Every structure is written in structure tokens, then in C-alpha cells.
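Novice: Read off the chains here:
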Amino acid sequence: MRAETVRSAALIREARLRAGLSQQELAARSGKDRTVIARWEQGSVAPSIDTLVELVRVCGFDIPLELVVYDSAQDERAAELQMLSPERRVNRLLGRREREGG
Amino acid sequence: MAGQGDVFDPRGLLAALDRNYVSYVLIGGFARVIRGTDELTSGVDICPSLRPENVERLERALAELEAKRADRRRLALDEEALARESVIRLRTAKGELQIVPEPAGTRKGFEDLRRGASREHIGHGLRPQVASVPDLARMSAALGRERDLERSRELRRIMELEVGIQRTLGLER
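Chains as they are written, first to last, in the numbering used here: chain U, 1 to 102; chain A, 1 to 173.
Since the hints were made in silico from the structure, they are not lab data.
Be aware that a few hints might be false.
Claimed, not checked - Straight-line distance between alpha carbons at most 20 Å, and here's what the computed SDA-like set of lysine to any residue pairs gives:
no., chain 1, residue 1, chain 2, residue 2
1, A, K108, U, L17
2, A, K108, U, G20
3, A, K108, U, E25
Small disclaimer: the values here were computed from a predicted structure and weren't measured.
Can you make the complete structure from the sequences, with help from the hints?
Specialist: Quick look at the structure:
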């Protein structure tokens, strides 16, 4: 998996699984080769945006393509949390609940 | 998770499941927090194996936890209830517990989720099986409510960050 392909890989797999399709079935419905779909899902390569939308639609979903303002603060917060171990994330949750009276 | 009981001892709750050898995958808000989302949650959600022997073990754990249904009906984890109810909400001595036999966006619940799940150290010697980030995103997206879609977006950011971290550490697959 590469950083450049992680989004498309996850979206194709998620759409396929939510539609209850195997890779073979998605291949048959979309007219693509099963091995190509497997490589997209593994993130070895990424499809074009148009092909991605087409595949997702074959699964019965859509990807709204619209520009929204990018908020880097959310990514920064997510990156900070990723640096914590799962145990420390749980401790953080319990501490927050105690402080906020949850 | 619904309800605002005062007690929230997720480790105590999961320890009871461990003592009774219950097979399950941790899902929902607590699983997302373990994976790195920034949210407050007040309960534990699990997707258990529905094999008869595991359901028996789960019943023993629930008895130990003094579990009662949130709707005050009699608690019976029979095959019919597990097939009929999408979510079984419980109050226990260690906090709220939701049993979700087949979470939204999955097929056959436990069997689907366990493939991507991994055991995570959460302290006190506990290593629950936690749903993967992509599977948590899939479940949140399938619920379709605005707050769930926001969680799904947060989980997708985490996916990207994880790949970046793996690359930095030279652990790319």
C-alpha cells in the first residue's frame, strides 16, 4: 500500500464489500479484469478518478466530487493521536471522561 | 452508544469477556478510540462469534457482569434473539455493553470482521481483537448518519497516516 493509493484502494474495497460482491463479481459487472481490481484494492496502483467513480457506481454507491476547504488542524490532531499507543489512547479517553464528567 | 450510565470501566468489562474465553471483535466508538479517533464514548460494542459454544460463554460472562437489558426485558441470548435484533443494549456492573450480531456494512458480522481485526494492547494485560481501521470506516459509512460519516472521514485520514508512518519506519507491505 502506498500513500498515493490508500484512498482509492479503501474506497473500492469498501464499496465492493458493502455491495456484497466478490472481486470476480465486480470484475464481471464493471468489465475490468479481476487481477486489476485486486491490484487497485491492494494499493499497488491507483485507477483514475473517473474509473474510481465508475467502479463505485457499479457497486450502487457514488462519490460526491466537490471542493471543500481543507482543514489541516484535523490532520494534525489525528497525527498526534497516531503517535500514542492504544493503551495511552484508552487512558486519554478515560481521563477526558473524568474531567468532562462523562 | 446510547445511555449515560455513570460506570464506564471498559477494561473491567473486557476482562470479564476474557475470563470466559468469549470470541468477539471490538467495534464502535471504543474500538475507534483504540485506533486513534478523537471522540468521547461511554460504552463498549462487540460483534461476537455466534457459534453456540461461544454464545454460551458470552452468557456466562454477562451473568458475571450482572448484565440487564437496557429496555428492561428479560435477557435471553438465544439464536432467535441474535438473528432478530440488530443491537442488544445492556447495562452491566462495568458499564454499557452493546452486542451487535451483524453490524451495518458487514456480511456475517464476526466472520467478516475477524479477517482484518488485530489484537491490541490496551493495558491491564488485555489484548482484545479490534476491528481494522478500514472495517470501522466501512461500518460508520454504512450507518450513514452525519456524525457517523464524520467518523468515517476521520478513519480515512488515519488510514493515510498509518501508511505514511509505515513508510517512515520502513514497514511498507
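Novice: Confirm or reject each hint.
Specialist: Evaluation of the provided hints:
Using a Cα cut-off of 20 Å, the hinted pair K108 of chain A and L17 of chain U holds, with the two alpha carbons roughly 12 Å apart. Taken as a hint, the K108 of chain A and G20 of chain U pair is honoured in the structure, with Cα atoms around 11 Å apart against an allowance of 20 Å. Between K108 of chain A and E25 of chain U the alpha-carbon distance is near 19 Å, which keeps this suggested pair within the 20 Å criterion.
The structure is consistent with each of the numbered hints, conforming to all of them.
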